[in-house]
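Visitor: Taken in sequence, the protein lines are chains A, B, C, D, E and F. The first sequence begins at 34 in the working numbering and counts up one residue at a time. The second sequence begins at 34 in the working numbering and counts up one residue at a time. The third sequence begins at 34 in the working numbering and counts up one residue at a time. The fourth sequence begins at 34 in the working numbering and counts up one residue at a time. The fifth sequence begins at 34 in the working numbering and counts up one residue at a time. The sixth sequence begins at 34 in the working numbering and counts up one residue at a time.
Watch out, some of these pointers could steer you wrong.
30 Å max Cα-Cα, derived DSSO-like pairs, lysine-lysine [said to hold, decoys possible]: (1) E:50 with E:126; (2) C:87 with F:87; (3) C:87 with F:50; (4) A:87 with D:87; (5) B:50 with E:126; (6) F:126 with C:50; (7) F:87 with F:126.
Please keep in mind that the hints were generated in silico from the structure rather than gathered at the bench.
Spelled out, the chains give:
There are 6 protein chains.
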Amino acid sequence: MATLGLIEYADASPEVKAVYDDIMTTRSTDWINNFWKALASDPVTLRRTWESVKQVMAPGALEALTKEMVYLAVSASNQCGYCIASHTAAARKAGMTGAQFAELMAVVGMANETNRLASGYQVEIDERFRT
Amino acid sequence: MATLGLIEYADASPEVKAVYDDIMTTRSTDWINNFWKALASDPVTLRRTWESVKQVMAPGALEALTKEMVYLAVSASNQCGYCIASHTAAARKAGMTGAQFAELMAVVGMANETNRLASGYQVEIDERFRT
Amino acid sequence: MATLGLIEYADASPEVKAVYDDIMTTRSTDWINNFWKALASDPVTLRRTWESVKQVMAPGALEALTKEMVYLAVSASNQCGYCIASHTAAARKAGMTGAQFAELMAVVGMANETNRLASGYQVEIDERFRT
Amino acid sequence: MATLGLIEYADASPEVKAVYDDIMTTRSTDWINNFWKALASDPVTLRRTWESVKQVMAPGALEALTKEMVYLAVSASNQCGYCIASHTAAARKAGMTGAQFAELMAVVGMANETNRLASGYQVEIDERFRT
Amino acid sequence: MATLGLIEYADASPEVKAVYDDIMTTRSTDWINNFWKALASDPVTLRRTWESVKQVMAPGALEALTKEMVYLAVSASNQCGYCIASHTAAARKAGMTGAQFAELMAVVGMANETNRLASGYQVEIDERFRT
Amino acid sequence: MATLGLIEYADASPEVKAVYDDIMTTRSTDWINNFWKALASDPVTLRRTWESVKQVMAPGALEALTKEMVYLAVSASNQCGYCIASHTAAARKAGMTGAQFAELMAVVGMANETNRLASGYQVEIDERFRT
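So here's chain A without its partners, still in its complex pose (with noise of 0.2 Å):
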């Protein structure tokens, strides 16, 4: 269980719904997953963690798609179970189809792998790289 618990709307004060109506609002839905109820037993960070969210993940010099699937991929390689589940329905919804899932996926894969041997063989900065 949550370790604060879960706020469902009828249950939030004026100021956690007025976050969940933008959350809806901005999102085009009509619900509110567990992270939002979970954060919402502290207004403060609730407020500051979705005006954040919101501002970073609006479309800009990057398009909403990416956005989403480089969430998914961070997600991904640190292995939170609840982000990697709710980044993967955020994806599909901005439109990410089966393969380009996959080819992220192998993209994820393949930089966790060579990260390791750059670092394991502790491989030195090229100087056409520090400048």
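Guided by the hints, dock chains B, C, D, E and F onto chain A, whose structure is given.
Guide: Chains B, C, D, E and F alone, transformed into the frame defined by chain A:
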């Protein structure tokens, strides 16, 4: 210094030279970075790793630039100094702008933050994410 | 199931019982959690680990509650499910309030975010921090 | 060198200068460390990150020193060289003694050890920890 | 549920069946574990990953059992639940005893502890280790 | 520079000297590496850590060389620069050949890759691995 040393092109065996040549041709470049020179002490690992990277990083369902940025995102998340330096260079060569880099890092940062909030709060995976 | 099984008090050898007794006395509790029952298949590791934890977690220059919260912070950062559950319980027993937990997680989250921003941007260590 | 370079105060735009000024005022210091100068290439991330850090690190249910030590504990656990250096300095400025630092590291070390023992032995979470 | 589902032998395409057959022959077993059934949605990644694992895990300068234990050690260190379960089974099949498992985990635990002490104390690499 | 400085043998207290002497005797060497000199500022942690390492790394159900290679594998996976350098030296002293090092790193790399594929694809643990 790299654990098993770096093997320069001039000193390489024919099988290592063949990999070096393929790297330079595939990447349209005229030099080999230290990562491959370090792996070259083990030609079997050199060839397997290069063939895997070549296959995984080729454009497919995802564009080459997207793949390079995902590689950099994972390397930054894992804090691999060599890999951050080399894949920042690779992503730039593939067209990554400063604005794209900055947004990429913002996503990586947020994912690492919320990964720990999800785990730390012991958030249960929503039923909707399980199906 | 735990790899080598769980050893209950009634089934424990005298040397394992001695450690179990010391755990219960030191922690003013009447039960042993699964972590120790799993380690008990290797009495040498059981004793060494318990003696180390007992020494490290005793109040000293840092208060017991602070130490429990740091333990929880590291476990959340590492995303170890068992450790988050057990150390959340331990920190609460030591007096951690819901508000303290929430602030702790906020710090853990920010640290994980800025750790990756610092690495990803390849920020050089300031001279003032080196001395 | 930092990927997008470092922006010195004299060369900063008004919006970046405003953040720099707030950092110096909040921290009662007269200089800006490289982390912020690196982020300054992306003023939106600079402001968001600084506002978040300022909010999270302010004394609340936890004291400022405890928060600085938790930040350092997470950075050491993640092995982020820059962050360890900068947050060691910050914790010392907040009053951390050598003895406190040593106990902090001892806790970080033990947590990292037992996190892997719990996972490696596949220890199931005790019922008492689930409620 | 696995993101792209699990592909059973009876439902597999000829190219996937060929990999499944090779796995069963190489491992002298009559079943395929879920990891491969999940990868089978991407036959290219399935084949590449299997060929790599087959090559890397074959006895060479290191014995098969040693390699299995190293694989388990890394998986425990990374806290990958699936991998710990599957590689514990694989290591046992290769002959790992309970005593060997316990010593392996003790080494993994200590390495994770001292890794953080080395980083946290900002220990400089000795000249003798650089040459 | 190490956070609390390095304590040389000539400047050490009797209790620190006793640990230094035991390290040199146990390892058949005439010098102390920086890791221990850094920990020496906290004699309690110095002694506890050394006693633990001595116990864990002694030959038992696993040979000394195997243990050194596992230590190096974990350090490479964690990307701890100091630990990779020091444990590469230790493993070589224990007899690790270049070919063994290369195979070790190949296993570490593959484990890190498949750990993320297993997590990223959300692969469920097979029933056979649970018993």
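Visitor: So, for every hint listed, does it hold in this structure?
Guide: Here is what the structure says about each hint:
Note on residue 50 of chain E and residue 126 of chain E: the hinted pairing holds, with a Cα-Cα distance of about 24 Å set against a maximum of 30 Å. Restraint check for residue 87 of chain C and residue 87 of chain F: the C-alpha separation of about 19 Å stays at or below 30 Å, so the hint holds. At roughly 25 Å between alpha-carbon atoms, residue 87 of chain C and residue 50 of chain F fall within 30 Å of each other, so this suggested pair holds. The straight-line distance between the Cα atoms of residue 87 of chain A and residue 87 of chain D is roughly 19 Å, inside the 30 Å bound, and the hint therefore holds.
About 40 Å separates the Cα atoms of residue 50 of chain B and residue 126 of chain E, which puts this hinted pair outside 30 Å; it is violated. A distance of roughly 40 Å separates the Cα atoms of residue 126 of chain F and residue 50 of chain C; the hinted pair therefore is violated under the 30 Å criterion. Restraint check for residue 87 of chain F and residue 126 of chain F: satisfied, since their Cα atoms lie roughly 16 Å apart, inside the 30 Å limit.
Checked against the numbered hints listed earlier, the structure breaks hints 5, 6; every other hint is satisfied.
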